[in-house]
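Chain residues, written in single-letter form:
Number of protein chains: 2
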Amino acid sequence: MINWSTLTSAQQVDALARPAMADSAKLRATVADILAEVLTRGDEAVLEFTRRFDSPELTSLKLSIEKRDELAARVTPEVQDAIQTAFANVKQFHEAQYPQDIRLTTTPGVVCEQRFTALEAVGLYIPGGSAPLPSTVMMLGVPAMVAGCERKVLCTPPNAGQEIAPEIAFAAKCCGIGEIYLCGGAQAIAAMAFGTDTITKVDKIFGPGNSFVTEAKQQVSQRADGAAIDMPAGPSEVLVLADESADADFVASDLLSQAEHGPDSQAILVTNSAELIEAVEAAVAKQLAQLSRNSIASKAMENARYILTSSVNEAIAVSNQYAPEHLIVQCDNSRGLLPLIKHAGSIFLGPWSPESAGDYASGTNHVLPTYGYARNYSSLGLLDFMRRYTIQELSEDGMRNLGPAIMQLADAEGLDAHRNAVGYRLDKLNKQND
Amino acid sequence: MINWSTLTSAQQVDALARPAMADSAKLRATVADILAEVLTRGDEAVLEFTRRFDSPELTSLKLSIEKRDELAARVTPEVQDAIQTAFANVKQFHEAQYPQDIRLTTTPGVVCEQRFTALEAVGLYIPGGSAPLPSTVMMLGVPAMVAGCERKVLCTPPNAGQEIAPEIAFAAKCCGIGEIYLCGGAQAIAAMAFGTDTITKVDKIFGPGNSFVTEAKQQVSQRADGAAIDMPAGPSEVLVLADESADADFVASDLLSQAEHGPDSQAILVTNSAELIEAVEAAVAKQLAQLSRNSIASKAMENARYILTSSVNEAIAVSNQYAPEHLIVQCDNSRGLLPLIKHAGSIFLGPWSPESAGDYASGTNHVLPTYGYARNYSSLGLLDFMRRYTIQELSEDGMRNLGPAIMQLADAEGLDAHRNAVGYRLDKLNKQND
Numbered sequence: 103m104i105n106w107s108t109l110t111s112a113q114q115v116d117a118l119a120r121p122a123m124a125d126s127a128k129l130r131a132t133v134a135d136i137l138a139e140v141l142t143r144g145d146e147a148v149l150e151f152t153r154r155f156d157s158p159e160l161t162s163l164k165l166s167i168e169k170r171d172e173l174a175a176r177v178t179p180e181v182q183d184a185i186q187t188a189f190a191n192v193k194q195f196h197e198a199q200y201p202q203d204i205r206l207t208t209t210p211g212v213v214c215e216q217r218f219t220a221l222e223a224v225g226l227y228i229p230g231g232s233a234p235l236p237s238t239v240m241m242l243g244v245p246a247m248v249a250g251c252e253r254k255v256l257c258t259p260p261n262a263g264q265e266i267a268p269e270i271a272f273a274a275k276c277c278g279i280g281e282i283y284l285c286g287g288a289q290a291i292a293a294m295a296f297g298t299d300t301i302t303k304v305d306k307i308f309g310p311g312n313s314f315v316t317e318a319k320q321q322v323s324q325r326a327d328g329a330a331i332d333m334p335a336g337p338s339e340v341l342v343l344a345d346e347s348a349d350a351d352f353v354a355s356d357l358l359s360q361a362e363h364g365p366d367s368q369a370i371l372v373t374n375s376a377e378l379i380e381a382v383e384a385a386v387a388k389q390l391a392q393l394s395r396n397s398i399a400s401k402a403m404e405n406a407r408y409i410l411t412s413s414v415n416e417a418i419a420v421s422n423q424y425a426p427e428h429l430i431v432q433c434d435n436s437r438g439l440l441p442l443i444k445h446a447g448s449i450f451l452g453p454w455s456p457e458s459a460g461d462y463a464s465g466t467n468h469v470l471p472t473y474g475y476a477r478n479y480s481s482l483g484l485l486d487f488m489r490r491y492t493i494q495e496l497s498e499d500g501m502r503n504l505g506p507a508i509m510q511l512a513d514a515e516g517l518d519a520h521r522n523a524v525g526y527r528l529d530k531l532n533k534q535n536d
Numbered sequence: 103m104i105n106w107s108t109l110t111s112a113q114q115v116d117a118l119a120r121p122a123m124a125d126s127a128k129l130r131a132t133v134a135d136i137l138a139e140v141l142t143r144g145d146e147a148v149l150e151f152t153r154r155f156d157s158p159e160l161t162s163l164k165l166s167i168e169k170r171d172e173l174a175a176r177v178t179p180e181v182q183d184a185i186q187t188a189f190a191n192v193k194q195f196h197e198a199q200y201p202q203d204i205r206l207t208t209t210p211g212v213v214c215e216q217r218f219t220a221l222e223a224v225g226l227y228i229p230g231g232s233a234p235l236p237s238t239v240m241m242l243g244v245p246a247m248v249a250g251c252e253r254k255v256l257c258t259p260p261n262a263g264q265e266i267a268p269e270i271a272f273a274a275k276c277c278g279i280g281e282i283y284l285c286g287g288a289q290a291i292a293a294m295a296f297g298t299d300t301i302t303k304v305d306k307i308f309g310p311g312n313s314f315v316t317e318a319k320q321q322v323s324q325r326a327d328g329a330a331i332d333m334p335a336g337p338s339e340v341l342v343l344a345d346e347s348a349d350a351d352f353v354a355s356d357l358l359s360q361a362e363h364g365p366d367s368q369a370i371l372v373t374n375s376a377e378l379i380e381a382v383e384a385a386v387a388k389q390l391a392q393l394s395r396n397s398i399a400s401k402a403m404e405n406a407r408y409i410l411t412s413s414v415n416e417a418i419a420v421s422n423q424y425a426p427e428h429l430i431v432q433c434d435n436s437r438g439l440l441p442l443i444k445h446a447g448s449i450f451l452g453p454w455s456p457e458s459a460g461d462y463a464s465g466t467n468h469v470l471p472t473y474g475y476a477r478n479y480s481s482l483g484l485l486d487f488m489r490r491y492t493i494q495e496l497s498e499d500g501m502r503n504l505g506p507a508i509m510q511l512a513d514a515e516g517l518d519a520h521r522n523a524v525g526y527r528l529d530k531l532n533k534q535n536d
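From first to last, the protein sequence lines stand for chains A and B. Under this note's numbering, the first sequence is numbered contiguously, ending at residue 536. Under this note's numbering, the second sequence is numbered contiguously, ending at residue 536.
Just so you know, the hints here were simulated from the structure itself, not pulled from any lab data. Among the hints, erroneous ones may be present.
Said to hold, decoys possible - Capping the alpha-carbon separation at 30 Å, the derived lysine-lysine pairs in BS3-like fashion look like this:
(1) B/164 <-> B/388
(2) A/164 <-> A/303
(3) A/444 <-> B/193
(4) A/303 <-> A/128
(5) B/128 <-> B/444
(6) A/388 <-> B/388
(7) B/388 <-> A/533
(8) A/388 <-> B/533
(9) A/164 <-> B/388
Said to hold, decoys possible - Looking from chain A toward chain B, a few residues come up when the C-beta cut is under 7 Å (computed):
(10) 159
(11) 460
(12) 507
Ideal Cβ placement from N, Cα and C applies to all residues, glycine included.
With the rest of the complex left out, here is chain A (with noise of 0.2 Å):
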């Protein structure tokens, strides 16, 4: 137990502490290598990590509609059907995100417009692992879907069969996602963002993934010949705020949903009542013993911190000097305390509302800003997956109306031509009123 007002301010920061992220050397030039060799190797190159890596017998890359569609129908109707709950939801609430055109005279004769359109192509990864990922599918498809983006690429591992989970292909199948390939790691982000014989390069990369695919995702963000990216990315994490009407058993389950992602996993409790820290320390230890990925989660729940506030508005500073990916605010009044709540990816709010609501089906995105990033980074959203681009149109009225301001602007900036190009303008129209 952390109590917070006895630390100093450099204490303060050390307690709020993340975990140092994988970006050594080594890394980098593992995956540089690899991104050159998908450069100039392309489909070849891929389906050698991937045979390395993922499926030893793989022969193509590509997984036809056939194929998803028979994958789909193993899926049992109880999943079926929550993945179709789920679905609903996210869809819903990501169609409310649509955003309006805007069409605006600024002066008279001078129309602005912004418009927004939907990328062409988006690359959604899907990590592999221990457990597939369907909630993973529709957090990227459905605003995809939404946007109205044409083409919808996704990648992800096979197993050795040479096949994806059937949740996977399920859900992809709910978002009209027929382009499904099967690679994984930093081979996959060097063919969606490069572009091979087989996957057609796309403009953006989504998607969580381990640390060879994040340091894909930043490499290619930042060459010309690569993609734009949905965020930073680095371990996931809960901050749950809780006063001592709070529901102990509840929030150690918050916490351990945190641990169970990954023992890298980030799981803080802020609390004005030390009777609470007490109980969900109990609790979790009873939860954690439960768990199937019990190593996993106690692994992370070493790191696990239980800070004591005076106040509950000490605990809100302490959350927002953090900015959490997940805050979690069970509190007497948990709604009133939102004009206080500065950054966080997403807030749950209330004893009802825990993170699975949201990982799941609320129909909030849960691709969030982690690592302090929701300071400056918004959580995934419709208009990811949407260019805003302008629109001016002049009439000769509004060239007459606007054209010496912007010839005295260019005058001030040195700019001649661009004063000539409403000089000529201007003359043209003088002569025409001659």
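Fit chain B to the given chain A structure using the hints.
Then chain B, alone, in the frame of chain A:
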């Protein structure tokens, strides 16, 4: 004159190639050194670099409000009026972009929200160089003001007299920018990203600059202790899409407006009229001779391209392939062509809409995606100065309605604690009912 339809695909790609970006190992290392110096020595390093590169006698990085206002008062009334005209249009257009928060019940008892909030602290970089750029101050300062950013930090290199251009001071005053620091280059970017004693760290850095500034922005955006940035940058560019109805003097002045920005500026005319190309070439020669920035514009025009297509539709296809920062459309029915145009940062429609209108005063933002990034990045707007986050709140009914689907999905993903977080809550609700 390039006859598009006679080229192979590879030749077409070459014809639209952009100049290689300054991406030398030397530049990267130099910038990394500057960042490291600022990170370790703070103000002292920033002052040293600023004395070396910009203002040998400088003793303080801070420009006081009094000094800002004193400088601003030196601007002539004519230029003050012009800046205020532009300011009013830019402000109107960015106010119109203010987003709506969303609140939606996705399932009975499950409320999801998306809220927008201003970034807390933004850094606005204004280059120095041969001419002051009050227009860039407005393009960054107005959206920061409209968004409601608490801190707006402006960095710009001082002159030998330890001052900045009066026009910059005046524009900063219009935008309510009080924090002005006298530094430029990579050292200014480092100071804003990492913070120093004088310059408190910002969350996101905006604005154009030379290759050092661009490289420094890239590097700080890759660091968790750095800052987000507006967008990747390359040399500025214009593509004029015209048919035989276009006025050759107008087109020439628009190409030259781009060319005078810098020797690496790109100016491209794409048209189905060989006569127009000839007339524009003649007009360019005539106008170019009279420009004060003749040597810069001449250098850029050496790389200008005049592309002849067989039809307006083919010209649009060329433009879509190039994805220009600025697209000027001077055709018989310019607005009617909009549905065919796919990728452009900002579009200037018709004969009376020169690029200089948007550069200065129409209301649209002049910070736009260059170098083909118009495929996957947005033109700068109000949303870039804000952050989206989500909220969800389940009532007891919401938990009862959605809980079973969440448990089903957690099971499918093998995440026990996620399931338990719902299980404990449903148990408690069931007990309450007993």
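Checklist entry - Going through the earlier hints one by one, which of them does the structure break, listed in rising order? => result Going through the list in order, the structure violates hints 1, 5, 6, 9, 10 and respects the others.
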